[in-house]
Amino acid sequence: MNPKFSAYATPDILVDTDWLAAHLDSPDIRIVESNEDLLLYDVNHIPGAVHIDWRRDLNDQTTRDYVGPEAFADLCRRHGITPDTTVIFYGDKSNWWACYAFWVFQLFGHTRAKILDGGRDKWEEEGKPLTRAVTSFKASDYPVPAKRDDASHRAYFQQTLAHYEAGKKLVDVRSPKEYSGEVTHMPEYPQEGVLRGGHIPGAKSAPWARAANPDKTFKTREELEAIYAGELGLKTDDDIIAYCRIGERSSHTWFVLKYLLGYSQVRNYDGSWTEWGNMVRTPIEKGA
Amino acid sequence: MYPVALSEIIELFEFLPEVERRENLINYSDAAASCGRKEGETYDLEDVRKDEECTDTVGVYVRIEDGDRVHFAIELGPKVQTLTKAMTAILCRGLNGCTAAEIMAVPADFVPRIIGAELVRLRSQTVYYVLGRMKTAVKMFQDRRRAQQA
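Top line first, the protein sequences correspond to chains S and C.
The opening position of the first sequence corresponds to residue 1 in our numbering, with each subsequent residue numbered one higher.
The opening position of the second sequence corresponds to residue 1 in our numbering, with each subsequent residue numbered one higher.
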């Protein structure tokens, strides 16, 4: 095992690029690419990888929610994923959407799941193989999960409001200017419908990117602890909610806190700032 | 309404099934690399910058031929998204050789007709960015020429 991984709370939650390159033909895994760049998978991808699109495959656009158990089972069936398949997620943007897809799989209890450390960028940087050929897998008979377990992993607005009122820990993972309210969108992105700038009162700022190295891999446990335990003062049994703007950057931080550092109660508030920032009569705080 | 070459591209894409639409967008994305400056060519205006709206640097180079026929070369940084690359190649093919007035009159409403409903998303607004940069470059050239003539 990669020596860096052994220090994490859940060492086998990550695979590195060399491991994946050696296991491309393993029948027990399914490699899943999830990106922000909508056509990047079509350009090329890791051989054997299938594509899961966060909006088309994971979201229910009508209800601004996630797909239900039936649709999740259908998605897995289409890609030949069974409950025993280990799903390896990777993608662009430092694995934002890979972590997001991983998180959605956890809502449905698919715990045989891992993240490729460094994601697509590291794989490309190392000159490892990419292909445009799309591999089809025999459809599986993935059973419909009994329910979507939002309670363990996900925070709704009302729960986040109660969390704030109780003075519990909130981590704002957006950029410093989004946190302070100076801007309502991150650099290089459009404004996504937010009316007010600022943050949830009491939330601590820890931009997601601080958890990543320049090569997009996760920082070491020691480095991560210095940020989240040292600077933010988070304790491993704290009840924590992470948020960003629509829930993808906070999926990255949720993954870091839960699996790399072993925080036992971490939820992702996917409504995030596009919900909180627009909600009538909901308090916000401005400034760093 | 649209220059003829751009119109032909729009019509090609508009009725394509989703799979073929994606394949064609990828082909155009691949072709973006050939939209850059050609060795030995000179340009009347160069506008190279990294804006907040786009993930990497975009360089727009304008050359005027035959009075007011505009020819573009566009160079994209490696982090530019695939749809933006595709739109760059489409616009270079669709607008090169048009007059400045024709380019400035092109409305942006053709973009969804090319990329399709499945790929039109709030986070893919950079597909409009390249057209904006091309128009800006043309306007900069026109303003400069007027100033020189005054």
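Be a bit skeptical, because a hint or two may be false.
[To be verified] Computed list of lysine-lysine pairs in BS3-like fashion (alpha-carbon distance at most 25 Å, straight line): (1) LYS219(S) - LYS235(S); (2) LYS122(S) - LYS135(C); (3) LYS122(S) - LYS4(S); (4) LYS177(S) - LYS147(S); (5) LYS38(C) - LYS177(S); (6) LYS122(S) - LYS139(C); (7) LYS128(S) - LYS50(C); (8) LYS219(S) - LYS50(C).
These are computed hints drawn from the structure, not numbers from a lab.
Structure-based check of each hint:
1. Distance hint between LYS219(S) and LYS235(S) is fulfilled; the C-alpha atoms sit about 19 Å from each other, no more than 25 Å.
2. Of the pairs offered as hints, the one joining LYS122(S) and LYS135(C) is violated, with about 36 Å between alpha carbons and a cut-off of 25 Å exceeded.
3. For the hint linking LYS122(S) to LYS4(S), the alpha-carbon distance of about 16 Å falls within 25 Å, and the restraint holds.
4. For the hint linking LYS177(S) to LYS147(S), the alpha-carbon distance of about 38 Å lies beyond 25 Å, and the restraint is violated.
5. A C-alpha spacing of about 40 Å is found between LYS38(C) and LYS177(S), which places the hinted pair above 25 Å, so the restraint is violated.
6. Taking the CA atoms of LYS122(S) and LYS139(C), the gap is about 41 Å. The hint is violated against a cut of 25 Å.
7. Between LYS128(S) and LYS50(C) the CA atoms are separated by roughly 29 Å; this puts the pair beyond 25 Å, and the hint is violated.
8. For the proposed pair LYS219(S) and LYS50(C), the alpha carbon gap of about 28 Å is over 25 Å, so the pair is violated.
Checked against the numbered hints above, the structure breaks hints 2, 4, 5, 6, 7, 8 and satisfies the rest.
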